[in-house]
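S.K.: Single-letter residue listing:
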Amino acid sequence: MGSTFRALFFSLVLVFTTTAIGAENGAHGYFAIDAGVFANNISQRLSAPSAYKSEVASISGFLRFRPGISLGKRFYFEPSLGFVLPWRTNVDGSTMIFPMQLSLDLSVPLLSFLSLRLGPGMYSELFYGSGGTVRLNNGSSYSDFGAPSGMNLSFTGTVNVALEVLLSHHFSLNLDAYILDIMSRTRRTYHASASLGVKL
Amino acid sequence: MRRLFCLLALTTSLVGSAWTLGGTGLQGWQTRDLVIHVNPTGCPISAAVLDDAVDSAITAWNGIATASLTLTRSTTDSTTTAATFLAGTATDAPLILCDTTFGTDLSVDPSGVPAATKLGSSNPLSYGAVILNAQAGTGAEINNFASGVLDLILAHEIGHLLGLGHSSEVDALMYYSIANKTIAVLTQDDRDGITYLYPRNEFEHGAFGCAAVHKPASAGRMFPFVWTLLMIALGFSLVKYYFRPKSEPLL
Numbered sequence: 001m002g003s004t005f006r007a008l009f010f011s012l013v014l015v016f017t018t019t020a021i022g023a024e025n026g027a028h029g030y031f032a033i034d035a036g037v038f039a040n041n042i043s044q045r046l047s048a049p050s051a052y053k054s055e056v057a058s059i060s061g062f063l064r065f066r067p068g069i070s071l072g073k074r075f076y077f078e079p080s081l082g083f084v085l086p087w088r089t090n091v092d093g094s095t096m097i098f099p100m101q102l103s104l105d106l107s108v109p110l111l112s113f114l115s116l117r118l119g120p121g122m123y124s125e126l127f128y129g130s131g132g133t134v135r136l137n138n139g140s141s142y143s144d145f146g147a148p149s150g151m152n153l154s155f156t157g158t159v160n161v162a163l164e165v166l167l168s169h170h171f172s173l174n175l176d177a178y179i180l181d182i183m184s185r186t187r188r189t190y191h192a193s194a195s196l197g198v199k200l
Numbered sequence: 001m002r003r004l005f006c007l008l009a010l011t012t013s014l015v016g017s018a019w020t021l022g023g024t025g026l027q028g029w030q031t032r033d034l035v036i037h038v039n040p041t042g043c044p045i046s047a048a049v050l051d052d053a054v055d056s057a058i059t060a061w062n063g064i065a066t067a068s069l070t071l072t073r074s075t076t077d078s079t080t081t082a083a084t085f086l087a088g089t090a091t092d093a094p095l096i097l098c099d100t101t102f103g104t105d106l107s108v109d110p111s112g113v114p115a116a117t118k119l120g121s122s123n124p125l126s127y128g129a130v131i132l133n134a135q136a137g138t139g140a141e142i143n144n145f146a147s148g149v150l151d152l153i154l155a156h157e158i159g160h161l162l163g164l165g166h167s168s169e170v171d172a173l174m175y176y177s178i179a180n181k182t183i184a185v186l187t188q189d190d191r192d193g194i195t196y197l198y199p200r201n202e203f204e205h206g207a208f209g210c211a212a213v214h215k216p217a218s219a220g221r222m223f224p225f226v227w228t229l230l231m232i233a234l235g236f237s238l239v240k241y242y243f244r245p246k247s248e249p250l251l
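Order-wise, the sequence lines are chains D and X. Numbering follows the working numbering, in which position 88 of the first sequence is assigned residue number 88; successive positions increment by one, without gaps. Numbering follows the working numbering, in which position 63 of the second sequence is assigned residue number 63; successive positions increment by one, without gaps.
Heads up, some of the hints might be wrong.
Partial selection, computed: residues in chain X whose CB lies under 10 Å from chain D [claimed, not checked]:
{"no.": "1", "residue": "Gly23"}
{"no.": "2", "residue": "Thr31"}
{"no.": "3", "residue": "Thr59"}
{"no.": "4", "residue": "Asp109"}
Calculated directly from the structure, the hints in this document are not laboratory data. We put the beta carbon where it would ideally sit given N, CA and C, even for glycine.
Kindly generate the complete structure, drawing on both the sequences and the hints.
M.R.: Written out as C-alpha cells, the structure is:
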C-alpha cells in the first residue's frame, strides 16, 4: 500500500509542480472544467455478443479539471484530473469503485477553432470495501463469500489523443480517447470521453 | 453545489457491482505471473481438447488492462493426481486435473457438478486446483459438454482458482450458473473483481511501466531517483510561487 500512495502522490506532484512552475513564471493560461460522458472498454463492447454489450462496458458521467499552461505562442501543457461519475457500487453499498483519469497532455492548435491534445496519462481505480460476508447461491445450496475489505488502488498507463473544438472564447467540445496498455495486443483497452468544457 | 452532490448520491445506485471473494480477506496468489499446470490423465477428453479449453479460459482472464495478472499454461503435463492434491502434497499448484472418483472425493453430487475448485488455507494463496468431473456414467462428466461450454466451465473455475467467489450478477462469468451463457465473456463485474485482487501498479517497477516493459536491472533504483528530483522541483517551484511579487498573475 505504501507504493500505492507514493504513486498517487507522485501523480499529484507532477500536476502541481508543472502548474506552480507555470504560475511562478507568470505564464498565460486558463483553468477549464469539463463535464460530459465517459465510455469504458470500447473494444470489448464492440467484440462482445449483443446480449453482453451493456455488461462488459458502461457509459458514465465525467467531470474533469484541466488547467492549461502556456508553453509559448502556440502550445499549452494541460495536466488534468478527471473523475468518472457515478462511481460503481455493489448492491448493498459495501464496495465502491472510483475510476479516475490523470492526463499530462500537450495541446497543439491545428486550426483557429481546433486543437489536438496528445500525451501520457494514467487510468486509476480506487476500491473501497467495508468487508464482511455475502450469502450467495452456490449451486445446490447457499454459501458465505467474502466481501472486499479495505482500500486498493490500480494504476494503468494510458496514451491520450484528443480533439478540442472551440465553440467560443469560453466554451469548447472535447473528444478524448485513452488507450490503456497500448503495447499489449491482448490487454489493449480503449476508453473515451466526450465533454463540454468551460474555461474560467 | 448541494444539488450536484444530491444528484451524484442518487445516481450511484444506477451502476452495480456484485463480485465477491473466495474467502474473507482473501488476497489472491502471491505471484502475478501464474503458471497453471494441467494433468490430462484420467480425463474423458483428449489432452489437446483440454489444453484448448484451458487456453481459451486463460485468454479471457489475461485481457484485463487494469490488472497485473498474467496466466500461462505449462507446456509440460503435470503428473499430480487428484488424490495427491487433496492430500495436500502437490508441489506444482495451481493445477487443473481430472478426478475419476469426483463425487466421493469432493462430497458433491457428480450428476450435477462438472467441476470444483479447492484452495489451500494460506493467504495469499499458494495452493489450489480446479478438479474436473471425470467420473464415468455421471450426468455432469465433462465429456458430456460441448467445447464452448467446457471453455465456460474452466473460465468460471479459474476465476475461483484466482480467488474470486460467486457474483450475484446474472450475466457475470462468476455467477453460480452458466445455464444462460454460450461464451466466456468477462463482464465489468468480473473485471472489477480481478482488478481488486491483482491491481496493476505502473510505479511498481519504475514510472509508467517503462521499466516493467524493458525490465532493466536498475528498474527498482530509478524510481527513488526520479522521485527525489521531482520533490526538489516541487519544493523549489512552490517556494518561488509563494514569494512571487504581488503583481504577478496567479495563472
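S.K.: Would you mind marking each hint as holding or not holding in the structure?
M.R.: Hints, one by one, checked against the model:
1. Gly23: holds (5 Å)
2. Thr31: Violated. Min distance 17 Å.
3. Thr59: Where the cut-off is 10 Å and the nearest Cβ of chain D is about 7 Å from threonine 59/X, the hint holds.
4. Asp109: Since the shortest Cβ distance to chain D is 7 Å, the answer is holds.
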